[in-house]
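Student: So the chains spell out like this:
There are 4 protein chains.
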Amino acid sequence: MERVLRLVISCPDRVGIVARVSGFLAQYNGSILEANHHADLEQGWFFMRNEIKASSLPFGPEELSEKFSPIAKDLNMSFEVTDTYAKKRIALMCSKDSHCLADILNRWNSGDLPCDIPCVISNHDDLRRLVEWHGIPFFHVPVDKDNKAEHFQKIEELVSEYEVDTVVLARYMQILPDALCRKMPNKIINIHHSFLPSFIGARPYHQAYQRGVKLIGATCHYVTGDLDAGPIIDQDVVRISHRDVVEDMVRLGKDCEKSVLARGLRWHLEDRVLVHGNKTVVFN
Amino acid sequence: MERVLRLVISCPDRVGIVARVSGFLAQYNGSILEANHHADLEQGWFFMRNEIKASSLPFGPEELSEKFSPIAKDLNMSFEVTDTYAKKRIALMCSKDSHCLADILNRWNSGDLPCDIPCVISNHDDLRRLVEWHGIPFFHVPVDKDNKAEHFQKIEELVSEYEVDTVVLARYMQILPDALCRKMPNKIINIHHSFLPSFIGARPYHQAYQRGVKLIGATCHYVTGDLDAGPIIDQDVVRISHRDVVEDMVRLGKDCEKSVLARGLRWHLEDRVLVHGNKTVVFN
Amino acid sequence: MERVLRLVISCPDRVGIVARVSGFLAQYNGSILEANHHADLEQGWFFMRNEIKASSLPFGPEELSEKFSPIAKDLNMSFEVTDTYAKKRIALMCSKDSHCLADILNRWNSGDLPCDIPCVISNHDDLRRLVEWHGIPFFHVPVDKDNKAEHFQKIEELVSEYEVDTVVLARYMQILPDALCRKMPNKIINIHHSFLPSFIGARPYHQAYQRGVKLIGATCHYVTGDLDAGPIIDQDVVRISHRDVVEDMVRLGKDCEKSVLARGLRWHLEDRVLVHGNKTVVFN
Amino acid sequence: MERVLRLVISCPDRVGIVARVSGFLAQYNGSILEANHHADLEQGWFFMRNEIKASSLPFGPEELSEKFSPIAKDLNMSFEVTDTYAKKRIALMCSKDSHCLADILNRWNSGDLPCDIPCVISNHDDLRRLVEWHGIPFFHVPVDKDNKAEHFQKIEELVSEYEVDTVVLARYMQILPDALCRKMPNKIINIHHSFLPSFIGARPYHQAYQRGVKLIGATCHYVTGDLDAGPIIDQDVVRISHRDVVEDMVRLGKDCEKSVLARGLRWHLEDRVLVHGNKTVVFN
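Residue numbers (my numbering), protein chains in the order written: chain A, 38 to 321; chain B, 38 to 321; chain C, 38 to 321; chain D, 38 to 321.
The hints are all genuine.
Since the list can't tell identical chains apart, any single copy or any two copies may satisfy a pair.
EDC-like, lysine to aspartate or glutamate: derived pairs with alpha carbons at most 20 Å apart: (1) Lys191 <-> Asp162; (2) Lys90 <-> Asp285; (3) Lys125 <-> Asp202; (4) Lys133 <-> Asp149; (5) Lys220 <-> Glu117; (6) Lys316 <-> Glu71.
It should be emphasised that the hints constitute simulated quantities derived from the structure, not laboratory data.
Generate the whole structure from the sequences, applying the supplied hints.
Tutor: This is the structure in structure tokens:
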């Protein structure tokens, strides 16, 4: 795989941003493989993502970042330089259901997901064998109503120890404490098994069954302290009918959940998701 | 078009219903063109719809109904016999937006919607010319906060005068009074411009924009006294992105609204929608 | 899981079939959990599928079959009685790509696919470890242009030895010989990575890229001697754009392939797919 | 509506194009409302589209074009400047089916389609009343096997007389002569009622019915001399089942056709479709 550097920018909108940024890259002969920008005219905010062929630049990611800093400062930009040779480190968290976990592990194992998976954490031991078969350490961290603080303390320790960039809740069924969410803003990805904002919280397929909807869905979003209300990365739906009972919805929904989560995770890994307020710009 | 009689049944579930009904039809040599049944095992309720070639029966719809009554009584059935030669009479209600109205009128005008449209009622005069071009009487019945009772009184009179079977709210933006909803249960069809139960009530696209969803939708449902909470007939969604502002959602949503409404209306006209509690069985 | 018997019927259409069949079932107090029928008026052919609660009948599948035979004979029916307690035996065939295989194995392992998988056969050894982890025998049967007869002979032996009901080609990239297809009509399921009949044969994503289509797809079908031309069970598509090169299509298509194959396979396992000529009736 | 100028560019790819173009626009304080670019790395070709707030520039479209010419020359660009205040002039061509025509006319009449429609041309007189109600001249230009040359001669005259930019074949069922296609490259839009390249040519729904596909589709494409083989702008599909006969497919397909055509036409009107070889880049 060709090495690629990514320059991702978010700043107040004004005339000439693209000219400054692309002029900067052209000055160093940077070959742009893909570029996207978006101006949110209501918010007056500007978003940009550039993929640059690393070999076309006379320097690496640190120097790129350093050389770009004066421009960023001048234009009030927050920006990030990432490097496809420095893969993100993902901790997967799961419970008992294997469909999302197995799907992500298979993609990763096939070389289809550009990340490292240093560990998997679960409140149940059921999926240990599946995880360990992939050569990934599995941590069983049980939780009940009396040891929540301890449980999440242990999780934080693992996240820290394994230098985790992003936590993926692959049908991990516990609500994360607000404090943890705040420590990792836009770094915790959840898959919720409904088409949000419909059916927030527990047992969304049961809620969907009661309401008699004709489509069910899944939503991939960043986790905030506000339950199922964080910035949405992607959503999708699947058609159901009067013949489908809750058990059918659960089964049909699984396919939706795993593909939406995989899509959202990929975009996150490729730095395609920019968060502003409670909304996302997705350069896909 | 070949004349077809439809026998639509709803009753408590038990063994032998299909045998009784199909035995009855076979006894008179009734040729079944399409048949569907569904047992809701949780509710213990049974639903059935038969399309019978009229020419294969030795009698018409009234006698079919009469002859079937003893079976229905025996099995606690509610049932209905309808006749494709007796088209349903639909009153369309609209406001200023033409997309749903024009779409239904074009389908009707092309012979694609099997119904009569004896009148169109609107609280604005804007769409009069479009309606009258189709040779349909248009009634402008203005409404403001002081004359609501009078407005809905007039609507009821028109519904009665024109012998209307079904009212279709084709983006008519007023909330019907509870009393009117009760008079026409499962006979008033609305198109709501969101994927219910998300974004109930006013300005759903604005709500969707605020929430940052990645799909918007439309829902066709029967109207009850409970706002946007009646039995859902059909729903669909369309993908949007961060580039789409409310104005784009309105435009993209229109296509979704008009196709979902047309589909739901067609199923209603063909007696494919059976309501039980707050849910529908749709034999499509 | 409640034991269910299925009675699946195909015969020339005429008046009274449903009455005869449902009368027969009612006579023995058979409780119908789900029933579907379809009359193909152009072909003059009738299709029916009944799910009967086994415990409601006074006899088992063999006697059901025996008792139904006179009716079947009388009405020129071909029919089959299946039993959810006698799971179908599926041989999976694969090559190097793991996405379809891993997906099916995970569904099976989670109890989501009602079948036995007595063996997996591949012309490459790459996926052995994945298969054996699931406790399933893996057979590496290499093939090259000089040993095709031998290769397929070995496959037939395995199919016979393991009493295989259905062969699933989970991205097995060889063309089966006509003779083998004829031996197992409607018992070999393939997933083709295009929206058939577009892009028959090799490298469909390359063909799609050349043509500049805006959607790519996958097709699950029964295999006949006619390449990619057998009866279609299910299809689906995924949207692409000018940004997607062949490599992206391959990646995006995988999700489509695995979900379409899983859906088609499930319907086959549940005896929901009836073949007539080169087309399928799918009672889903 | 705010006046917008669009600068649309196509050229060989090289380093620094974005910097040159955006630097040029920034130099004149051009406020970019939306910008997209795409590098086709296989073809070595670069595509760009900029929407510029007209009021932010010190000059109009002609001078913009003039001032940009040296850059274009230097970089071997072909480019076009368009102006939302100079609406494209669209000639609609139709036959007997009204669904696409009525849909486009309703969108245009509601102000949803940014174009002028100076005339409608048909080989049948059936839709005259619908067209004339919208205040648009309708030309009935009959065609049979003996007067084809004359028919198309007349069409060319109308296109010339009404200063038509783009011809839209809204289910006009004749094949245009090669010479006419060559005169208006990427200026004639057709809606084909299949998911191309499946079912090229006549009666695609009949072909789809014969093949037993589970999805039918529609394709919006530019017309070339090669039947149904021109650059694809957009496609979509709709699910069908074994219950649907050709007549049902025709009905279901209409919704697909009209929405795909409307989408493709809108993108064309907004200069979002760039053709290269036989493929399109669609900046939507």
